[in-house]
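Chemist: Mind docking chains U and E on chain S? Use the hints.
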Amino acid sequence: MKKINYFLAALLGLSFSFASAQTPKGSVLIKNATVLTVTKGTLQNTDVLVQDGIIKKVGTNLSAPSGVQTVDATGKYLMPGIIDAHSHVGLDVVNEATSPITSEVQMKDVVNPTEVGIYRALAGGVTISHAMHGSANVIGGQNATLKHRWGTKNPNDIIMMDAPRTIKFALGENPTRVHGRGNGIQPSSRMGVEAVIRNGFNEAIQYKKAWADYNSASAQKGNTATAPKYSERFQTLVDILDGKIIIHCHSYRADEIYMLINVARDFNITKLVFQHTNEGFKVAPEIAKYTMGASVFADWWAYKFEVYYSTAFNAAILNANDAITSINSDSAELIRHLYHEAAKTQRYGGMTDDEALAMITINPARQLGISELVGSIEEGKQADLVIFDTHPLSVYTVPQMTFVDGVKYFDIKEDKNDQRLSVSPTEMVEDIYLRQQTERCMQDTEHLFDMAGNLFNQN
Amino acid sequence: MKRLTKTFFAFLIALVPMMAMAQIDGEFIKPRTGKFLLKNATVVTITKGVLTNTSVLVADGMIMEIGASIAANGAEEIDCTGLFIYPGMIDSGTQLGLAEVSSVAETVDFSEVGNFTPNMQALTAVNPNSEAIPVTRVSGVTTVLTVPSGGLFPGTAALINLNGYTPDQMYAGFKAVVMTFPNSGRRGRYDRRSDDDIKKANEKSLKDANEIWENAIAYNSMKKTGAALEFYPEMDQLAKVISKELPLLVQVDAASDIQNALKWLEEKDVNVILSGVAEGWRVADEIAKSGYPVITGPVQELPTRESDRYDTPYTNAGKMAKAGVKVAIRTDEIENVRNLPFHAAYAAAYGLGKEEAWKAVTINPAEIFGVADKYGSVEKGKVANLIVATGDPFETRAQVIHVFIDGYRIPLSNRHIRLYQEFLERSPGLESK
Amino acid sequence: MKRTLFKASVICMILGSWMISSSTFAQSDPTGKKRITSSFAITNATVFTEPGKAGVKSTILIQDGVIAGVGNNLSIPKEAKLIAGDSLFVYAGFIDGASNAGITKPKDLERPENFVSSDPPDEIAGITPSRSAVDQFAMDSKVEELRKGGFTVLQIVPEGGMIAGKAAIMVLGNETSSNLIMENTALTVSFKGSRGMYPGTAAGVMAKFRDVYKNAELTKINSDKYASVPGVKRPDIDDTFMGMKDVISKSTPVMFSASSELEIRRVLKLQKELGFNLILTDLENYEGVIPEMKAAGVKVLIKAEVPDDKAIKAQKKDATEDVKAQYIRVKESFDKAIAQAGKLEAAGIPFSFTTVGVKAGDIGKSLKTMIDGGLSETGALAALTTNPAAMMGMSRELGTIEKGKMANLVLTTDTLFKEDTQIKHVIADGYLFDYETKAKKKATEDGDATDAVKIAGNWDYTTESPAGSGGGVITIKKDSNEYSGTISYDDPGGSGKLTTPIKDVKLDGSSLSFAFDVNAQGMSIVVEISGTIDGNSMDGTMSIGQFGSFPFEATLAPTLNAKL
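Going down the list, the protein sequences come from chains S, U and E. Residue numbers for the first sequence follow our numbering, so the first one is 452 and each next one is one higher. Residue numbers for the second sequence follow our numbering, so the first one is 3 and each next one is one higher. Residue numbers for the third sequence follow our numbering, so the first one is 397 and each next one is one higher.
Next comes chain S alone, as it looks inside the complex:
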């Protein structure tokens, strides 16, 4: 088991253990690879030295300090760990679909580090995923940025503590279907979606004022002020208005994207990223000017009406218009080959290698507010790295090893087949899942739909 690996590694002096309060940090020397830095060009026959989880040196003829393992990467390619800006892997709950605004709900509360999907993502080179609330609500819950430190049962070990707060918004068919048609509450139309957001922000402004008034009044001698009701929900909206939280908004149609851009401008919100945004290309100049860009599918379309008029050239058009563009999966299946999804931008739009690779590394890092820490191979950044046997943008490439904070969590040659962290003691026959449900944005809302199959089927 992985535990044995840790034990051996401890013997070898690579001290790491999840028992300690700190997360494991490793040291390793990767030699003689073609290093795709993404931000500083491609370096041939180059070494990368990692110490205590940080990229210490990128250069040639580096030697390993004592106790540090060397990995011979001759003929292989090294790139930064892949970042998936839209995922639901590792969450026990995806949608608290009972109210159109649930900003008080936190995905950090329901992280499940034992989901085998995390390991499978590692096997596809993904080191960080943005574990998001689902798209059932207009203003959903706060998301969790996860580092794929596989093998622990403690959720805190995989939550990236130094990542900024983000929150999920959703526009269009999903929230109107869940609340308007499913429950008879606003919104049931795109008009209602805008109203819910504006109302929420305006109420938050009143909430902020009520508390500010109370705080100053109660400091006075002999005051008779009573505290207003406390609401984590509105406090979170206040935090958004104060620029403390990045909005990631699930959206498809050009008009609703444009609507939210205007709402954001009205409330002075600049930390806004659009997710999926299949029609983002139709308002690419606006997205580029007023937001932190778009995180899109490579080629999903037509499974709902709002994505019927999309194009696989979406990422290329957004990128060409200078919007920060990333490619995401929103799927436990796609997350395993995001490098292939990014490569599709070379077929649909002729992106260069660095442009395509940026879409799964530095660009999503910027959208998650962690680009100072990860997203490229530069000295000083966290050592999230992936080794491929051939160029990552070739369709035939096979990931070989994946490192998070310098610790190797995936090795195609050494890893066991069965990676489950725990097994039920009463399991007689293992469950077999046929044609797995891959899009999980609407998980936990099935009870509202009789034709649930249609909504979820990606075929």
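Just so you know, the hints here were simulated from the structure itself, not pulled from any lab data. Every clue listed holds true.
In silico lysine to aspartate or glutamate, EDC-like type, Cα no more than 16 Å apart, as pairs:
| # | chain 1 | residue 1 | chain 2 | residue 2 |
| --- | --- | --- | --- | --- |
| 1 | S | 740 | U | 433 |
| 2 | E | 477 | E | 830 |
| 3 | S | 604 | E | 683 |
| 4 | E | 706 | U | 197 |
| 5 | S | 755 | U | 108 |
From the structure, some residues in chain E lie toward chain S, with a derived Cβ separation under 7 Å:
| # | residue |
| --- | --- |
| 6 | 593 |
| 7 | 597 |
| 8 | 611 |
| 9 | 614 |
| 10 | 627 |
| 11 | 730 |
If you want a taste of the chain S side facing chain E, the calculated C-beta under 10 Å gives, among others:
| # | residue |
| --- | --- |
| 12 | 546 |
| 13 | 547 |
| 14 | 549 |
| 15 | 630 |
| 16 | 678 |
| 17 | 868 |
If you're wondering where the values come from, they're calculated on a predicted model, not measured in any experiment. Even for Gly, the Cβ is constructed at its ideal location relative to N, Cα and C.
Modeler: Positioned in the frame of chain S, the structure of chains U and E alone reads:
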């Protein structure tokens, strides 16, 4: 803006072949038949090796000639120097044309009411004008098997070329009656039935299947003697399987179900094609022994079990081929059938090998469907289903720049491309407020 | 429910008006059910006064529901009913840390006209901290099952939504008493969402719980201000606040249901944020969080259940390699599961049991499995007695057999965790309850034969002798400790079968022997049959006097009730 200009020019260059077709701004380019000479390419025949500096002559919908130097004789000449000619790819399992927007039930036509409906014809329900068809064929997939799904015998699948304005124009000469073999797996993460319920449902399905089959055999024998039988369209269709007029396409995935299916089919004298076969690698030797060909996929799919190795679906095809099974690859997609080359590439990279992977999307399905005299390779006398690409069409970097289906030169445009053309540099652009 | 208590209280009042002290006035009781005395003396029993202490032959004197004395040379009052304890073993009555026996789920409240599912009233959303388990409780067969299993005190927990209400401690005494020891002993909370309204999932429940808690704290601040400063706006006091008041003041603990490691971690996270006193309950998978629970100093209730071993038993020997690999993992997981209680003990975390969701009849077996897995018998007994008493703050009254404590006792036929031990008497609140025990099975020489072999029923037998093969039916009946029956055999004198009674039936472990007489041509021969029984089949020999021994086989015909 530098990026924009660079991409814009790259895009213009990509449009050059279309410009060569004398495009007038706004004119709609139609599929054209005629005589075409594809000059001086590397021809990957699939069955007869790779030929360099070779030309291919297309006329009357057929591959007329393959050779080093062929006289044009009035054919439209297309210079393919530095390019690669492959046979059009065949996707052995899709619902292409049978659904438009999955979440809008009115547009979904691959499933009908009833457990026993083999007489439902996929072919006639195909929408030849589905938006997904032009989206698909620019990737080099020229032919697909479109398959009904749902109950025990959901309908009759049909092989179609992705060109034509009526289903009959698209029909590529093969049909099969589909059987969804009773399965013991869960339908997805949301299937929360208990183990007992699943087992019971499985047993009931098998019981139904046995009853229906017995009746079908009896029906078929009576029919052969000319007996006066009551109108029973479902039995009529199934009788065609029993009389071996049509093969039986058996959808089955879990290992124990595959074993059950092999046993069930053993004494039955029908032509069988297995489809799905997600856990085929677990029982590869038994499948090989049965001699049944296998259509498997999607390759880019999650493992069926939590305890499975992460790359199990990628390695599935390769393991079965190694055991001696004839393998074809499918996407089981509706609107993203265009990803077939990538599914095949994954199977190739994870054990199947490039050569076998190419066969799995060309000659293998052609042979399995009994149409290898017409499709599946670049050979003289076959139907002109050809693609011309800048490189290996499995690679994302490669561009497919010419597609021929049934000898028609297909315009490489679809809504995705048109939207790209309209919005790459939007006019008006950003309004300055 | 309430009506029963009412009736009981009416009777009590009527009776009470006659009885001020239990022994002063006599009453007539035409049913004959009233006990003749409230004094008992259990003489010369092996008494285990507390976990870890060896059993000592002593006498226990009980008066008015209190242990009046423990030891030898006690002066026994004349009104004490004597219970001969010579063959009995006595332990302190078991305490159930959380039980829903006797609890009836309250009817769902009707939704108001202006109901909005995204913002429902607290009572409809399952937030009912003011409710009390006492209002939902009535003695029923489930309670009696628990008492039969040795439980004398239950902490009953209410049924409801995410914040169901307050627990209460009941003693399982006589029906005529309210049996209430203490109310509002804990606030029961779980991750249960409400159907079709907010909050619906565990994530929503966690957010809502924080909201309820923090707003209760604010209301307290506002209330205090209102009480002390004139001119302040009147605070909005509602049922939710009334129920949360003593929780935010930390005087009432929160009993949070969390069965898996992840859930336990989530509860500990909330506890760290909000600061309430915490009892974790319903624990099933918890080994990985033992260090965290220890560090947080929380009280722990584990489910009195172990996973069933059906899966382990169903493992086939001829499986393929990868299936075998699965088997190993399942077995490992099973072994770890039953070893957990022992690990808790080793970590020094005092824990008790909860029987919510557990069948009372299985508890003994589950505890024995935990002991097999590493829990010490002392630890198991502590979890049933002293630990829950301490958790409830009632160590003065409960948990051990000492003078002055409540008269709650379990009297068994053998030491507590032995295979055949049965509970003969339970004394709760000083009331005596008797239970039927089965006769002890004879232990065999090699010490096994735990489950007595079934021989009663109809056996089809066959024999082979030089005369040919024969056969017939043996019918065996059991009458208390004796076996008798008949055997049919081919009539040596002709056709058909004769039936004759069997004698000298001896069952020794799985070896059965008996004899019968055959009369033929004026002669009487004794035929002896002996054999080994394995499940439904018997294999042995038939000896016919001096004529020799011949093979004998028999199969037990299936019957609907195979009673011993």
